[in-house]
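There are 2 protein chains.
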Amino acid sequence: MLYLESLYSKNANNMKKSVIRELLKLTQQPEIISFAGGLPDPDTFPVQDLQAAADLVFAKQARSALQYGTTEGDNELKAELIKFEERQGVRLSPDNMIIVSASQQALDMIPKIFLDPGDYIIAERPTYVGAIQAVQSYQGRMLGVPSSRDGDGFDMEELERRYLRAKNEGLSVKYIYVIPDFQNPSGVCWSLAKRKALLEFAYKHDLLVVEDAPYREIRFLGTPIPSLYQLDQEGENRSIIIGMKTFSKILAPGLRVGWVIARPEIIQKLVVAKQAVDLCTNVFSQKWLAEYLKTGKIYGVIAHTCELYRDKRDFMCDMLEKHMPRRSDITWTKPEGGLFLWLSLPSFIDTDEMIHKAVAEKVAYVVGSAFYFDEPEHNAMRINFSYSSKVQIEEGVRRLAKVVKAEIVAHETGRTAVAAPTGV
Amino acid sequence: MLYLESLYSKNANNMKKSVIRELLKLTQQPEIISFAGGLPDPDTFPVQDLQAAADLVFAKQARSALQYGTTEGDNELKAELIKFEERQGVRLSPDNMIIVSASQQALDMIPKIFLDPGDYIIAERPTYVGAIQAVQSYQGRMLGVPSSRDGDGFDMEELERRYLRAKNEGLSVKYIYVIPDFQNPSGVCWSLAKRKALLEFAYKHDLLVVEDAPYREIRFLGTPIPSLYQLDQEGENRSIIIGMKTFSKILAPGLRVGWVIARPEIIQKLVVAKQAVDLCTNVFSQKWLAEYLKTGKIYGVIAHTCELYRDKRDFMCDMLEKHMPRRSDITWTKPEGGLFLWLSLPSFIDTDEMIHKAVAEKVAYVVGSAFYFDEPEHNAMRINFSYSSKVQIEEGVRRLAKVVKAEIVAHETGRTAVAAPTGV
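Line order of the protein sequences matches chains D and E. Going by this note's numbering, the first sequence opens with residue 1, and the numbers climb by one from there. Going by this note's numbering, the second sequence opens with residue 1001, and the numbers climb by one from there.
Just so you know, the hints here were simulated from the structure itself, not pulled from any lab data. Treat the hints with care, since some could be wrong.
Said to hold, decoys possible - 25 Å max Cα-Cα, derived BS3-like pairs, lysine-lysine:
1) D/167 / E/1010
2) D/390 / D/334
3) D/10 / E/1167
4) E/1322 / E/1402
Claimed, not checked - To spell it out: a stretch of chain E is covered by chain D in this simulated footprint if at least three of its residues, at any positions, have a beta carbon under 8 Å from a beta carbon of chain D; those stretches are:
5) 1063-1075
6) 1282-1293
Only a predicted model underlies this, so the values are computations on that prediction, with no experimental measurement involved. Heads up, the beta-carbon is just placed ideally off N, CA and C, and yes, glycines get one too.
Based on the provided sequences and hints, a complete structural model is requested.
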């Protein structure tokens, strides 16, 4: 008899199945209104223009698009991305960039090249669940720093306090991981002052900073704030930022293409890691995206996406206003960009338990606890507003509010809450 | 000052840059005839039929093809692959399969879920360099078993001896990794008897076997031999085989799609690993391949590929016969399938040193030493016959023979060999 359990690695035993992706499966039941996933609205996909670009690849370079490519990534795609970054004020040369199989691959390879078992990274509390999973898969650990009360990035005093304590305890801290633009899950956007303060902190303590920026372009209110990469470049230019970007939120996640920008030595380490991970990113998709970027139409797509998501975000906030009980302990973020908002409920509500009642009511969210490495908070949830239609948003929020109200009533009357199933 | 070197993980320090991929870059110089890569002949890519299949995806399901997909893989593609496997005598259900971003991803994820630092796998000597890299990136180790004299798979006595010694020394051996069909690099195909013996060995010692089979369909001589997966299924059906397959050699490597077959528990572990590694494989490519497979045309492509490669392999063997010095210590394999042959030279020749002379003569190969985890043999090379044209094969072998002859002359006259550069 083969005892499989005894064969698995510690890494494997540390891997947690993504709550989100498991929820996604659950929520593929037809009648469920899901605010759980992080899916873009498919109305934003420029299908015709993408088909035209694919046709061009077939016409011009089908054979090389179907062949193996370099691990670093397609040169033409890199050239187009350098122009794309330049418009945002970031100057790059090709050796500052590696094309990856979307951001999650970068989230995997960065801990791979930096973390030994037991090593720490510093991250926001809460932070992206995919980053947590990747760090755990290398037996890394996270030192969580909460946001300031202003919701504009780290509480810098807490950062300093926790970092120094960790150093005093002899812990090995390898880098800081942040999502400064419309953070997943909280929707928070870091202020310029906080970005500068973080950079100063990193300079002072000789730390690398991983800047995960999948939502950066999806700003639908306010003015763009320079990225950490840009601030470093325009400041002391110490090249301590590793920037991560992806086409998943600005064009089409199905193509699984992203890019990492960093100093050449780090790019070279990532190239070596990628050789053993998947050799190269889908070559056809890279050449396809290069052709598409040449049309310049992506800027229109991004503008349209922002408009659409602002409208949906406004509508969702209106619906929350309309349907949620009015209590000072029920609040939600009103993000200026991105795909998510973060709903906090009274402390007596456990969203991990409530999810089953919500699914019985045919509405889904991601439990807030999924976004904590340890000591999770249990009274919050992440809600996506990009994917559902307005009709679904209204009905979904109505269902969600019904479940929340039932929890409150149950708490106040001392009974166990049972959401009345509507014929389920 | 940031000291990057002190930040890298042990994994990163264990990663070796792939000799092959570095050589590939070198050999992209226009005048070089490269026998180094493992590239299919682009003449085998069915460009028109693939474009028709892509058009169908755009017509029928563009929006879902551009959206996120499940980690397990596209259901339609899985259904088509189940039929594909059935034609080879392997019965599967969808939960026996995960779609991966080509074989290298499986080569990465399998050690990820099984190997802790210092754990061992058993592998052929020599074996595929990409497998070595992946195992090293998890600080795993390899116990190499040489082929028998008959060149038909493991020397089974050696396997038993080395395995038992490892067990006695208390080493943790996690699985056996083999490429039974037209092995990379040697071109060797395991006999039926050896496959059965390996299965018996694995049964007896409760070992998993990873069967890497990228070249299985590229058989151009002889009759197919059942895969280990099939032999297990038709025999005791203990589900101890993990099978790895890819479209890279039978259709188009640029699409980066492969599949792993195994018992459902292992597939589930791989799904969890893949969530943290890249979320899902390129969705467009999966749906595209499903459409293409539905046409049934892949069997014609494979037949044509086999014919073309047999012709090239024959021609390369003829050219070696014609140009190489006739000595009993210069031999090469004559594989019945796959993309490579293995050339052994006199023991006084070091192909690692000779490669520079070869490149000066504008011909390239992969040094044999790249295919050993430890104690490499230095007098061999891997030669690819699928990519070059016949004109290139003749000229390339002529150049290679010239370099080899110069080495022999230098050895016999006691001088250091210097290949006469032809105007370089």
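Legend entry - Restraint status (C-alpha distance of residue 390 of chain D to residue 334 of chain D at most 25 Å): holds (17 Å)
Inset, instruction - Assess, step by step, whether the Cα of residue 10 of chain D is no farther than 25 Å from the Cα of residue 1167 of chain E, and give holds or violated. - result: holds (20 Å)
Legend entry - Coverage criterion applied to the segment 1063-1075 of chain E (partner chain D; beta-carbon cut 8 Å; 3 residues): holds (count 9)
Legend entry - Restraint status (C-alpha distance of residue 1322 of chain E to residue 1402 of chain E at most 25 Å): holds (12 Å)
Inset, instruction - Mind checking the alpha carbons of residue 167 of chain D and residue 1010 of chain E for me, to see if they're no more than 25 Å apart? - result: It holds: about 20 Å lies between the C-alpha atoms, which stays within 25 Å.
Legend entry - Cβ contact check, 8 Å cutoff: the segment 1282-1293 of chain E against chain D, three residues minimum: holds (count 4)
In the structure shown, no violation is registered for any of the earlier numbered hints.
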